[in-house]
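Trainee: For this one, chain A is given, so just place chain B on it according to the hints.
From first to last, the protein sequence lines stand for chains A and B.
Mapped onto full-length UniProt numbering, the consecutive letters of the first sequence carry residue numbers 1 to 645.
Mapped onto full-length UniProt numbering, the consecutive letters of the second sequence carry residue numbers 1 to 645.
Please note that a few of the clues may not be correct.
Since copy identity is lost for identical chains, a pair holds within one copy or between any two.
[Claimed, not checked] Distance condition first, Cα-Cα at most 30 Å in a straight line; then the derived DSBU-like pairs of lysine-lysine:
(1) 59 with 531
(2) 239 with 492
(3) 545 with 242
(4) 49 with 531
(5) 274 with 531
(6) 59 with 147
(7) 531 with 271
(8) 532 with 335
(9) 420 with 282
(10) 341 with 59
It should be emphasised that the hints constitute simulated quantities derived from the structure, not laboratory data.
2 protein chains.
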Amino acid sequence: MVNETQQTCSGSSSSRSDGSSSGSESSKDNSRCSTPVLDADRHERLREKMRRRQEAGDKWFSLEFFPPRTANAAVNLISRFDRMGAGGPLFIDVTWHPAGDPGSDKETSSMIIANTAVNYCGLETILHMTCCNQTKDDITGHLQKAKRLGLKNIMALRGDPAGEEWEEEVDGFNHAVDLVKHIRNEFDDYFDICVAGYPKGHPEAESYEADLRHLKEKVFAGADFIITQLFFRPETFLKFMKDCQAIGITCPIIPGIFPIQGYHSLRQLVKLSKLEVPQEIKDVIEPIKDNDAAIRNYGVELAVSMCRELLDSGMVHGLHFYTLNREVATTEVLKRLALWKEDPRRPLPWAVSAHPKRRVEDVRPIFWASRPKSYIYRTQEWDDFPNGRWGNSSSPAFGELKDYYLFYLKSKSPREELLKMWGEELTSEESVFEVFTCYITGEPNRNGYKVTCMPWNDDPLATETNLLKDELEKVNRRGILTINSQPNINGKPSTDPIVGWGPSGGYVFQKAYLEFFTSSEIVTALLKVLKKYELRVNYHIVNVKGQNITNAPDLQPNAVTWGIFPGREIIQPTVVDPVSFLSWKDEAFALWIEQWAKLYEEESPSRMIIQYIHDNYYLVNLVDNDFPLENCLWQVVEDTFELLN
Amino acid sequence: MVNETQQTCSGSSSSRSDGSSSGSESSKDNSRCSTPVLDADRHERLREKMRRRQEAGDKWFSLEFFPPRTANAAVNLISRFDRMGAGGPLFIDVTWHPAGDPGSDKETSSMIIANTAVNYCGLETILHMTCCNQTKDDITGHLQKAKRLGLKNIMALRGDPAGEEWEEEVDGFNHAVDLVKHIRNEFDDYFDICVAGYPKGHPEAESYEADLRHLKEKVFAGADFIITQLFFRPETFLKFMKDCQAIGITCPIIPGIFPIQGYHSLRQLVKLSKLEVPQEIKDVIEPIKDNDAAIRNYGVELAVSMCRELLDSGMVHGLHFYTLNREVATTEVLKRLALWKEDPRRPLPWAVSAHPKRRVEDVRPIFWASRPKSYIYRTQEWDDFPNGRWGNSSSPAFGELKDYYLFYLKSKSPREELLKMWGEELTSEESVFEVFTCYITGEPNRNGYKVTCMPWNDDPLATETNLLKDELEKVNRRGILTINSQPNINGKPSTDPIVGWGPSGGYVFQKAYLEFFTSSEIVTALLKVLKKYELRVNYHIVNVKGQNITNAPDLQPNAVTWGIFPGREIIQPTVVDPVSFLSWKDEAFALWIEQWAKLYEEESPSRMIIQYIHDNYYLVNLVDNDFPLENCLWQVVEDTFELLN
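Next up, chain A with everything else stripped away, as it sits in the complex:
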């Protein structure tokens, strides 16, 4: 009876439980992951993700962006990546702007924008690349750089020839297929390759059929999937798809969707793509061409109905959106299609990076909780990332953070806004306390402006921190200037909307944590109070010069967040690590100057107040180890103030 179930190994596609295995020779199999897979997505390549979604009948979408022209536009685009990333795109792609030095290190280059999307926003990303008018060496150089930056997917395109008199070069890159072949020759299977399909045929192709044959060549040269040019009628795509299948193209073909967002952008796109807008669309648009809102509404309507028809055909599993770097229309379409899935559950308590090197990373110091991009930047040279235990890491030192100007590290808010929030003029340390307090309470400052960010937190208070709001307000008013904190959690379900993370069926835990700047007077009292809590509270207290006071045993890290999941090892994604705290200290103190003091004139009283705090305050972190009991850290602070009075 039992034999009928033999060789079953449910829940795992990489089954090793073959009936014949004797076990003892094979006890340490390489096929086993070295870290618990909390999120299969992190370990799969894009084509595998597509396959898995298709098999599961799980529809998806992707988003196309072009690189911005200015550094400020880049800052905004990155915020857009973060916001639109929340809707759950399977990937985004970044176009290649031959005119914009696309492979360079400029913050607006295609390469750097794609790098940012992968590494700092954690998005699966396709980098476009065109090949005409470029040398083999140039192209190889770009591809090597892309690989080095952790990019894993290339959209291989011919690109637009420069000038009218373009002629095919012998042995040159004349067609996208040459680029596909080159990538496969030089980089083997490293990249997933996407190619473009033209539902109406490429405008320069001899015929629709000839163009289909070109597409087949690209696929047979090694492309993994196809994204199509935009089109206006669903039947255009469905016919194209059937024609592809008929000539033996079996890879995924993803329709490119262009929600019409305005009269001019439509005209421009049509001109570039040499497509014709169907009469029925022109008939609607022409009369309302000066009414942007009306056109956008119509565009959304049209896109939704076309997407519905595509999805209902059963032939389409994913939709690719030409966003034109805009949010509203595409988001609206996705929400109406119920494809926009804001999943409040997080695989880990912090946002994971999509760089393949960081695939196994599952533990970070808590200090960078509000500055994940800075953490990623400062650890970008590491070859290995800690997983399982922080202490196991053989990673090198943190990189210096001198590049506060970099667009993924600087505040989203311009100087004028920051001045309104943090004060045009500071008169005393107390006016700094007020800024911190307003940030916590969400109430307007004395000039009527809400403080929505701080040098250490570019976003409003996290939902979790809100749990501590009242207590935080009280202590900030009195000069305990908090920059990071978490409540203690004793086994909440991993699906808890506020503190949950990881797969369902688990339990998450936290030790209470509080990190703040404060004066040396308060530190002196605090240290006396901490003696009473010696066995319960771990502390690290450091000033800008690195004078360091701690009771951490043997400089070991203290796990402050962990989760227990069915069938897995324990995950402990955040630690308070005494050693990296000293690297964080440099950054935390520098932010006073870089982000705040420098808003003011040199020698101005405001600037001198911030400089004084920078020079004289201490950075303190406290952990209450007794997570099952009520958080004692507020009592510690209370006792400290009592001692001072």
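Mentor: For chain B alone, kept in the frame of chain A given last:
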């Protein structure tokens, strides 16, 4: 005010928090341990342990044993190591028996006994080694072997010359000091070296003073500490110690204590050591020389009073006991001195090995919980041991277990006793169920014998398992033949006398675990029942042929015991690992045959019953992932029986 506390880094002697450190260059310091130090003892060498104990004013003791003559005596000596190890000796030492092929692989050799003490009993161990009449190559060979086996301490002795006409050899090893120099020359600082001191002077020395000079030479050649020959009066030792100090010997000098245990052993020892028994002792002993108990009582009394005097002198921090391989007298003396410290708290839930390679080991599969020596044996070739996560281990396969005859793997009980416990004659599978049930209940079997061990458990039921006794009894009666189990624990203090482990101030957790053999009929029903518990219970079911059924995701290990401690990362010392389960399966099935079936004649009905079970039963393990809820595994079994009826 704060400056007075700067540069303080309490709780750590390897402080890195110097005031000048800028932090960012030094964030990944090599001096940091790669694993949480739960037990500093595991990371220190013997001389450091001595120093730390002395600094802490913490008195200690050590125990000397000689290698046994027979394999059976070796089995008994190992049990004695385990029992006397429980009292907390700082180390044990094993003498070198030149006549007994001391460096060989025989189970009774000095080398192998010391190896067993270190690796299988987890005891810090000193191996004696003598040098006279041996070639340099022989000695180097012994030392290399000792190092390979994980021995870290050598007692360097001259040894007794063979025959009367011994003469010093030029360039030979004529004195212990030659051996000390040789060890330091060839092995640098690898070994801690102990040498012998003679409170009355060596019998062959020209004078007491000349002998002191020899001792000084040995120390200056590189010895780390001194253990003395036995003596009968405390003042003998105290004078000796002062004389040593006077000539510049500053290393620890440990008095050798010989509790008189019998008339004949005393006479023999006195003869060998050429010591004279003081008249006041002779006066007591002679009249009672035929009354062993009286002599032993006197010996204990005498030793206790001498040890008290030594300890009270303030010059003595540790006591070394010549046990003569006996337990009673030494244990009695230690208990009366309050040096015997049975610490029910365990650094980890399993007994750690003292091999330096295993210093960082802190996670093991739960399967070997009752067979730690076998686990150590089967993993002895591993170069790295898992720490932090099981899944991180790059360890090779488990060694085959063919050596059931080895004295550290076989049952402490002789065949006749096993037959009484497990049945001289089995009549059916049910008579096997009875044996399992009697082992659980502690009640005598039908022939009136208590079943105190099983092939999978050489000791009576663990205290923790006792918590499950009633449920276990019920299921064993019905053919769920349990061999391993643990209750679920949701955050008990780490000092809990039954389930606690690790340093105080922590919390320990467990997932409920149940492992058993059972028939294929029961397995079929069980699998149907398990469908209901799919998300909650992980299972592995395997038969002797390796047919394997599991719902473990991606063959990942499941952490089933973990602990949260102040200021440390999470420790998860036991896992249910799908891959190593297949290695354990081989061992667990083989034990039916090796330990049980082979007690009976070939072809006998008893043997055939065991063989039938071996060939047809399944080995099952179940984990209830919902550790905060009531253990559901009993309900799973209940449902299974219900389905069968």
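Trainee: For each hint, tell me whether it holds in the structure or not.
Mentor: Here's how the hints hold up against the structure:
Within a single copy, residue 59 and residue 531 get their C-alpha atoms only as close as 58 Å, which misses the 30 Å cut-off; across copies the closest is 29 Å, which meets it. Taking CA atoms no more than 30 Å apart as the test, residue 239 paired with residue 492 passes in neither setting, with 52 Å inside one copy and 66 Å between copies. Neither within a single protomer nor between protomers do residue 545 and residue 242 lie at most 30 Å apart by alpha-carbon distance, with minima of 69 Å and 50 Å respectively. Taking the closest pair of Cα atoms, residue 49 and residue 531 come within 30 Å of each other only across two copies (28 Å); inside a single copy the shortest separation is 53 Å, beyond that limit.
Neither within a single protomer nor between protomers do residue 274 and residue 531 lie at most 30 Å apart by alpha-carbon distance, with minima of 76 Å and 58 Å respectively. With identical chains, the CA atoms of residue 59 and residue 147 are at most 30 Å apart within one copy only, with a shortest distance of 29 Å there and 61 Å across copies. Taking identical chains as interchangeable, the C-alpha atoms of residue 531 and residue 271 are never at most 30 Å apart, the minima being 74 Å within one chain and 60 Å between chains. When the C-alpha separation of residue 532 and residue 335 is checked against a cutoff of 30 Å, the pair qualifies neither within a copy, at 55 Å, nor between copies, at 36 Å.
In this assembly of identical chains, residue 420 and residue 282 lie within 30 Å of each other by CA distance neither inside one copy nor across copies; the values are 47 Å within and 98 Å between. Taking identical chains as interchangeable, the C-alpha atoms of residue 341 and residue 59 lie at most 30 Å apart only when both belong to the same chain, with a minimum of 11 Å there against 65 Å between chains.
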